[in-house]
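In order, the protein sequences belong to chains L and C. Per this note's numbering, the first sequence starts with residue 16, numbered consecutively. Per this note's numbering, the second sequence starts with residue 16, numbered consecutively.
Do not take every clue at face value.
Here are a few chain L residues that face chain C, going by a calculated C-beta distance under 7 Å [what the hints assert, rightly or not]:
1) Pro172
2) Phe179
3) Thr210
4) Gly223
5) Leu226
6) Gly276
7) Gly340
8) Pro383
9) Leu384
10) Pro388
Only some residues are given here: those of chain L computed to face chain C with a beta carbon under 7 Å [to be verified]:
11) Ser24
12) Glu320
13) Leu350
14) Ala353
No lab work stands behind these hints, which were simulated from the structure alone. C-beta atoms are modelled at their ideal positions from N, C-alpha and C, and glycine is treated no differently.
2 protein chains.
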Amino acid sequence: MLNHAAAASHVVAASEVRAFATRILERAGYSPTEAADGAYALTWASLRGIDTHGIRNLKRYYIDGIDEGIIVPNARFTIDSETPLAARADGASGLGLAAACWGMRLAIDKAAKTGMGFVAMRNSNHIGAASCYAHMAIEHDMIGLAMTGYFFANGNPVGMPPTFGLTPLLSTNPIAVAAPGGEQFPFVLDMSTSTVPYNRVELYGELGEPLSRGWARDDSGDDTVDPKRATLLWPLGGEGGGHKGYGLAMLVHILTGVLSGGWWHNPERERTHGHPPDDPASYAQQGQSNFFGAIRLDQFGPVDEFKRGMDETIRAVHRSAVEPGRDGVYVAGELERATEQRRRRDGIPVTTELAVELAEVGRLYEVPLEIQPAPSS
Amino acid sequence: MLNHAAAASHVVAASEVRAFATRILERAGYSPTEAADGAYALTWASLRGIDTHGIRNLKRYYIDGIDEGIIVPNARFTIDSETPLAARADGASGLGLAAACWGMRLAIDKAAKTGMGFVAMRNSNHIGAASCYAHMAIEHDMIGLAMTGYFFANGNPVGMPPTFGLTPLLSTNPIAVAAPGGEQFPFVLDMSTSTVPYNRVELYGELGEPLSRGWARDDSGDDTVDPKRATLLWPLGGEGGGHKGYGLAMLVHILTGVLSGGWWHNPERERTHGHPPDDPASYAQQGQSNFFGAIRLDQFGPVDEFKRGMDETIRAVHRSAVEPGRDGVYVAGELERATEQRRRRDGIPVTTELAVELAEVGRLYEVPLEIQPAPSS
């Protein structure tokens with residue numbers, strides 16, 4: 016799989032990435048808490064090797080997004096309604112990374128008090144790597160859950176159509192779940208409900224590489240390997256099993272957009288696509304909607320038993336027979352954790368293009384950034 | 016897709032199927048509650064067109080299972096430990112269909128009192144169609160969740176290997192979620208985390224039809240269309256995206272087998288595969304483990320708003336452009352509901368083979384069954 020590491024010419028220390036991103040976000044107008052949370056989430060993704068959701072997006076999503084009117088800095092995230100177990104919250108069109116940290120902390124606080132906590136949030140924005148928030152639950156001996164969804168009621172230039180359909184109604188609606196291990200590493204699943212996320216298509220386009228068959232289709236519904244013509248993403252499962260990926264994407268939409276009220280009752284900012292605003296056909300979601308959950312393990316028995324079960328599960332997986340030509344069998348989160356350990360030691364790799372972009376942003380906001388040449392490998 | 020309807024020679028009225036199954040299960044030794052719940056679950060699956068999990072299995076799973084020592088009739092399902100929100104329960108190696116009804120009712124009862132309820136159950140058995148239990152939450156204005164998992168720590172003759180592996184460690188670990196609609200039908204997702212469930216492979220074998228590519232592999236890991244050689248199921252996503260299906264199957268294992276304690280701490284009945292019982296390599300799960308959840312919609316806002324959001328979602332999906340050659344675009348649960356309405360009116364189709372089997376079981380237990388020839392179509 017192509018990623019930034021393969022094309023990396025430079026590295027930046029993780030602490031430097033986080034400090035730099037914090038200061039840049041503050042100078043761009045975000046509050047200190049927004050900046051700290053945003054920098055945490057971006058650095059976390061970059062450390063874990065999720066480069067498509069890491070520091071690469073600092074300028075293009077989270078700084079440019081202010082100028083484009085997508086993100087309102089210095090937002091006040093609020094609770095519409097709540098119970099001891101649940102809340103419907105308003106992301107206030109703010110920095111999605113910070114709204115997600117806030118929403119997940121709210122879920123964890125509720126779980127700490129009651130045993131479980133779930134938060135459905137409307138009016139959010141791009142939250143980066145969903146697993147960052149699910150992972151926050153682990154240190155509290157909880158299972159963490161994070162999802163983000165977007166439903167394009169009238170279609171969108173790119174997206175995931177329903178099975179048998181050609182209108183991209185859904186975003187790639189990812190699901191992330193994290194669960195603590197004991198002696199072993201935590202389980203961290205983070206998956207788009209399409210076969211590949213759209214930013215994989217973008218990355219291959221940037222690198223001039225063809226897509227694999229079964230990833231995407233063109234406007235007319237034909238499978239394509241051309242990143243520029245790929246507008247319809249196959250739901251996970253593709254031609255034979257895509258109804259399952261589509262079903263999972265709808266589930267994410269229900270827990271995010273429907274449960275939060277996010278997708279259909281914000282008429283003031285709807286993209287009405289020429290329909291009168293009171294026509295149901297004009298419904299479109301304002302921003303992304305999110306869902307965060309935290310489940311305290313001790314609700315189901317001794318925490319140590321759960322962790323022993325996780326450890327024995329991981330050991331059993333590692334005993335599996337291995338396909339010829341593969342070097343091992345892994346559990347979700349395992350390779351990301353190894354990457355995190357390596358990058359904490361060696362720094363976060365960046366491409367020349369990204370190094371130039373970050374240096375320019377640093378100059379603009381007068382924040383220095385120490386970038387080093389990548390060690391030759 | 017092949018199913019029983021295509022090969023059906025006879026029909027049985029739904030009320031007749033349910034009454035027949037109830038009496039057969041009682042005479043086979045199950046308690047009246049087990050028999051009623053079991054018959055409900057089998058009839059529900061058959062009505063919804065989930066023939067692989069319906070009345071077809073009355074004898075082969077749920078009667079023969081007693082003789083094979085897999086199922087203990089007249090079981091007492093018990094709670095190991097509980098909180099207002101959660102329980103760890105023991106399915107007592109009983110009838111999985113009845114254990115699942117009992118477990119889901121427990122989750123719904125907790126949710127009715129507190130807002131949410133989750134039950135992890137160990138020592139369960141085959142629960143049939145997981146969506147049957149998720150669907151039970153709908154009439155209470157709750158989102159319902161049901162999963163069943165099996166982790167073969169030392170492999171199994173058939174199953175789903177982890178990505179890059181050749182040992183079938185996982186069963187097809189299905190996920191079912193149901194959410195109420197308003198004027199529209201409920202959303203009901205029910206999906207194995209493999210590309211196809213194993214009973215699809217069996218059904219194709221019975222019908223002498225080749226599998227599709229990308230469904231299964233043989234022992235050496237090569238893709239095969241021969242149902243008899245298909246021992247390794249591809250996780251959902253197949254060769255390119257199967258790490259996601261594998262990740263979902265592991266998630267199901269964590270919520271079912273690990274959270275319930277079901278898979279690793281029942282040494283007395285472990286299949287030790289030649290290992291000493293205290294060797295971690297000997298761990299194997301006793302029976303299946305389940306997870307049931309119920310989330311009251313009013314925890315997140317007005318129930319009517321949620322239902323309106325569901326209705327508008329479904330209407331938007333129905334407005335999607337349709338692929339050439341398809342007659343429409345559907346939401347999970349929509350075709351099953353149409354099948355249910357048709358079969359409630361016209362009866363449940365059965366193959367000649369199944370009609371003969373049911374008639375024989377009826378003779379054995381002295382329970383009459385009214386089977387009619389299928390109307391010519």
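To see whether the hints hold, each was checked on the structure:
| no. | hint | result |
| --- | --- | --- |
| 1 | Pro172 | violated, 14 Å |
| 2 | Phe179 | holds, 4 Å |
| 3 | Thr210 | holds, 5 Å |
| 4 | Gly223 | violated, 20 Å |
| 5 | Leu226 | violated, 10 Å |
| 6 | Gly276 | holds, 6 Å |
| 7 | Gly340 | violated, 9 Å |
| 8 | Pro383 | violated, 39 Å |
| 9 | Leu384 | violated, 34 Å |
| 10 | Pro388 | violated, 33 Å |
| 11 | Ser24 | violated, 29 Å |
| 12 | Glu320 | holds, 6 Å |
| 13 | Leu350 | violated, 10 Å |
| 14 | Ala353 | violated, 15 Å |
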